[in-house]
Amino acid sequence: MSVLLEVSGLSKRFGGLKAVTDVSFNVERGQIFSLIGPNGAGKTTVFNLISAVLKPTSGTVRFDGRDITGAPTHSLARLGIARTFQNLAVFKHESVVANLLVGMHTHLKSGPLSAMVFWGRTRSEELRARERIEKIIEFLEIEDIRDATVGTLSYGLQKRVELGRALAVDPKLLLLDEMVSGMNQEEREDIARFILDLKEQLGTTVMMVEHDMGIVMDISDHVCVMNHGVKIAEGTPAEVSANPAVVAAYLGTRREGVLA
Amino acid sequence: MRTGHYKETYGELIALSDSGVAWAWVAALAAALVLLPLLVGNYTLSLAVSVLIAIVGAIGLNLLTGTTGLISIGQSGFLAIGAYTNALLATDYGWPVWASLPAAGVLSGAISLLVGIPSLRLKGLYLAITTLAFSFIVNYVILYAEPLTHGPNGVFLNDTTFLGLDLSSDRGLYYFVLGVAVLVTLAALNLLRSRIGRAWLAIRDHDIAARAMGIDLVRYKLLAFAVSSFFVGIAGGLMSLQIRFINIDVFGFLLSIEALAIIILGGFGSIAGTILGAVFLTLLPEAIRIVLSLFVDPQAPAYTKYIYEIRGIAYGIVIVVFLRFKPDGLIGLWRDVRKYFANWPLAY
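Keeping their order, the protein sequence lines are chains A and B.
Residue 0 is where the first sequence starts when you use numbering that gives the first Met the number 0, and the numbers rise one by one after that.
Residue 0 is where the second sequence starts when you use numbering that gives the first Met the number 0, and the numbers rise one by one after that.
If we strip away everything but chain B, and leave its shape as in the complex, we get (with noise of 0.2 angstroms):
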């Protein structure tokens, strides 16, 4: 516990965080993010591209699972939404990227709203259902409106720059993913501080009182799926920058449930729970992968062969252990061994 610390000025109240040791790890973050490219390899560098990837979708769903307490089990659907947005207007119309991006994650947000108008009378069970409905119209629609989307085939990306940043390096799109995952959680952080963020936590804690207090709950559920799609549109986005072919396959269910499974590792409503999920989620399958290679040989076929089965059972297992021992998740692991510390060499 800190003591002997005052706060002076109303400013000092809203900051992000008022703690100089606190900002110093984030510098020291920073530069060690800057300086990650020249420090490993193309492959490492591909896995942190993914994580970051992982970080800004993961912050979309957050915003309306964690913080308004709309479950969504559809998220590949909006993924699939923003990557096929963003290849086909660079592909096809040869829309440059500060174009196409931007365009994948409003397209998101605005299909989401359909999804949205049922969410104002479901709840729970009934909405999850309903998102999941909706992602697997998202992939039919793909895969049958062939003239537009490709159809089966799927879709190639050309070789894309930006601000003269070579996309198609690794280096270059890391540098690029970077500054984009920076923006969302900056803009995710400011969104919780503001307002509309209290808005949305008072509709997840009771939404009878939140109305009470002149909270309009059709605008404001809305407006959390509009947001949050908005973000998981960009994720999207940056898959296809990242993998390059994109085809619905990519888009199959279990990367919805990656996508639960990080906020519920992570932590339900916080940023940094999300980092910390995305994290440690997107390397899981690498850790489970290196730890096998101890074992049997890498290149046997079984591991290779079930790579896909043993990512579902890993989710599955961290769901289940995360909501039945830590269901505030690895933000409040985090809390506690602060606290543990703090209070250091006393119980509390």
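If we strip away everything but chain A, and leave its shape as in the complex, we get (with noise of 0.2 angstroms):
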């Protein structure tokens, strides 16, 4: 296997906070990668700093070979790297088929010009593009909710409209950000079944922050930890939760004497 996403000495300060400091990792093609910690580790803003919403303080990003450090926010999409938010970041206004259809904007090409005429190439590129999210929502279940406004939906099925315009990217890695916070038990394993399908017949790289302790150790393939801004430990599921220093950033240390 080979390296994907090359994260080296990434620090971020905001003012006079450390959010990051000094994180280095790699996610390899076809992983499924884990970033998890207590609340306030770090977790998001490292995510946020690889997709470029954020410009580091100090450190590079190196994405399928290439220097992506402070590459402009949209280029990304471009590049391969699709994500979804913590919050919900639909398209609320907007029909599910039309959010998905937004997720395919780099790979289409009309001009003002040919769409206002909307012949010729517009119209056959936006039949291809109507026909491969159709793929999409297949993949994810949503077929009779396909013309449904997205704000009418639940909860769930507005994380999987999210998940799907990522998908519509065709992304080589897909940054999923705290996606099952909310869910119930059926709509988490929905969830885990399409990550693991992904990886299986798309071969996407995954890499995910999440809080949800079950999906991260039943799914993972490599996991790292962060807690105060710093990495404190990486391995498989099994290393990692073995690591004392894990344990201790979620439980605590116990402090000798002090009920004795």
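Please note that a few of the clues may not be correct.
When the alpha-carbon atoms are kept at most 35 angstroms apart in a straight line, the in silico DSBU-like pairs for lysine-lysine are as follows [to be verified]:
| no. | chain 1 | residue 1 | chain 2 | residue 2 |
| --- | --- | --- | --- | --- |
| 1 | A | Lys108 | A | Lys171 |
| 2 | B | Lys122 | A | Lys171 |
| 3 | A | Lys108 | B | Lys6 |
| 4 | A | Lys17 | B | Lys122 |
| 5 | B | Lys6 | A | Lys171 |
| 6 | B | Lys338 | A | Lys134 |
| 7 | B | Lys122 | A | Lys91 |
| 8 | B | Lys6 | A | Lys91 |
| 9 | A | Lys91 | B | Lys325 |
It is worth saying that the hints were derived from the structure and are not from the lab.
Make the complex out of the two chains shown on their own, each in a separate frame, by following the hints.
So this is what it looks like as structure tokens:
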């Protein structure tokens, strides 16, 4: 396996606050990679640094052999990085199909003049886009809601639409920020199944920030643990959960002699 | 609700409308519009021209404000640029209308980039104020650049023709403006079902997510300004063809408010709504006049003297009532009615 995403020495300060300090890790192709840690550990900041929503104070991010540190946010989709957001970030006044089609943006080429005429190339590329969207709709099992306005759907379904929109980018690397938070057991299992199917069928590399230890331990190939902005452990789910530093970060350490 | 209706090709999924009934109504409307000059007098025809021009301008504004979510209250500035460009090129430089009208749109679109650039950092109220300031600057420049614009004297348009159509006659102008309005409507509908329209909607609903999907905000916001102002400039050019004599007083602040009232009344982001809004709002002062004439003598000085104020009050009431009770406008009302009849006699 080769390295798809290489994060080295990444740091981010907000004024005096060190949100992330010197974090390095590699994500390999075809891996399901989880970034975990207690609240405020800096996971989402790392995510925003990788997806270029924030610019790092220092450190580099390399994707597919290319340095993408400080690249414009909108250029990442073209390179093959798609993401979902921790809070719902769907286009809620639009239909499910329209939301998914926005994900296809970088795959379509028509300019304003040919779009106004909507004939020839524009029409044929819209047809191709619509056809591909149907495949994603089928994959995510949302056929019955394809024409619904996204804002009227349940939370779980809106998240699924957001996942679909990211898939429409046809990403090499899919970044999922707390995908299953606020979902019930059944919805969580659906999402876990979709992620595993993605890996099996399309070979998509998935990196997720997740609080739900059940899903992390069940489907991850590799886990990276952060606390207070620094990386404290890395390895397979089994290695990480046996690591004393990780246990301490989540459960606290016993202070000898307090109760005795 | 239509049932037993299955789409068999992807082409049907991206069509403007897949309903034969809808197309039949469009055909009936087209026939009625073509036959209109044979059935009504010149006064009604000139009202129809005003409605069509309002449609062109309001579609332009709706692409910017309704679709992309960039609020502009400086539309009178772009209308003025379009009107003056068309009028001056035709009168002082002898350009034919097929060249001067597109030039009006292009210049208006190009100048809009100047307002568009600050819009990249401004949102909501701040952007609205910027566009308002812009429209005042335009008015002052036109007023004081006298060698170029004739300043306070205004511009008279010569009689013009287009492909044998006499644009100084009511009928000729009507057909010309109808043609332009149809083209602009089709262009806007097509834009909205393409990647560009979707990018604009995405920016309006969630700009961070739009960026993550690969949409370059700078590019698409500027494009929204340029396309919108191109259409508004064309509408300005058409205004100059209709009123034949333009001076800066025509392009007051009330015109910007009228444009905003049209898209609020019609429904943000909807082309069909914009058309409904333009029809209703342009005919509103006329309706008020007719209603008032039932009660007071139409020649009474009170009415003619206060026509401008009455229009302003009417637009204000329309904006307040629709924002409060029907924010999705007439097109939302139409959808509700359609749903009601589809489900009747059940409530849902």
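Hints and how they fare:
A threshold of 35 angstroms between alpha carbons decides the hint, and for Lys108 of chain A with Lys171 of chain A the separation of about 20 angstroms falls inside it, so the pair holds. Pair hint Lys122 of chain B plus Lys171 of chain A holds up; C-alpha atoms about 34 angstroms apart against a cutoff of 35 angstroms. Proposed proximity of Lys108 of chain A and Lys6 of chain B is supported: the alpha carbons are some 26 angstroms apart, at most 35 angstroms. Distance restraint check for Lys17 of chain A and Lys122 of chain B: the Cα-Cα separation of roughly 30 angstroms lies within the 35 angstroms cut-off, and the hinted pair is therefore satisfied.
A threshold of 35 angstroms between alpha carbons decides the hint, and for Lys6 of chain B with Lys171 of chain A the separation of about 33 angstroms falls inside it, so the pair holds. Distance restraint check for Lys338 of chain B and Lys134 of chain A: the Cα-Cα separation of roughly 30 angstroms lies within the 35 angstroms cut-off, and the hinted pair is therefore satisfied. The straight-line distance between the Cα atoms of Lys122 of chain B and Lys91 of chain A is roughly 20 angstroms, inside the 35 angstroms bound, and the hint therefore holds. For the proposed pair Lys6 of chain B and Lys91 of chain A, the alpha carbon gap of about 25 angstroms is at most 35 angstroms, so the pair holds.
With a C-alpha separation of about 19 angstroms, the suggested pairing of Lys91 of chain A with Lys325 of chain B holds against the 35 angstroms cut-off.
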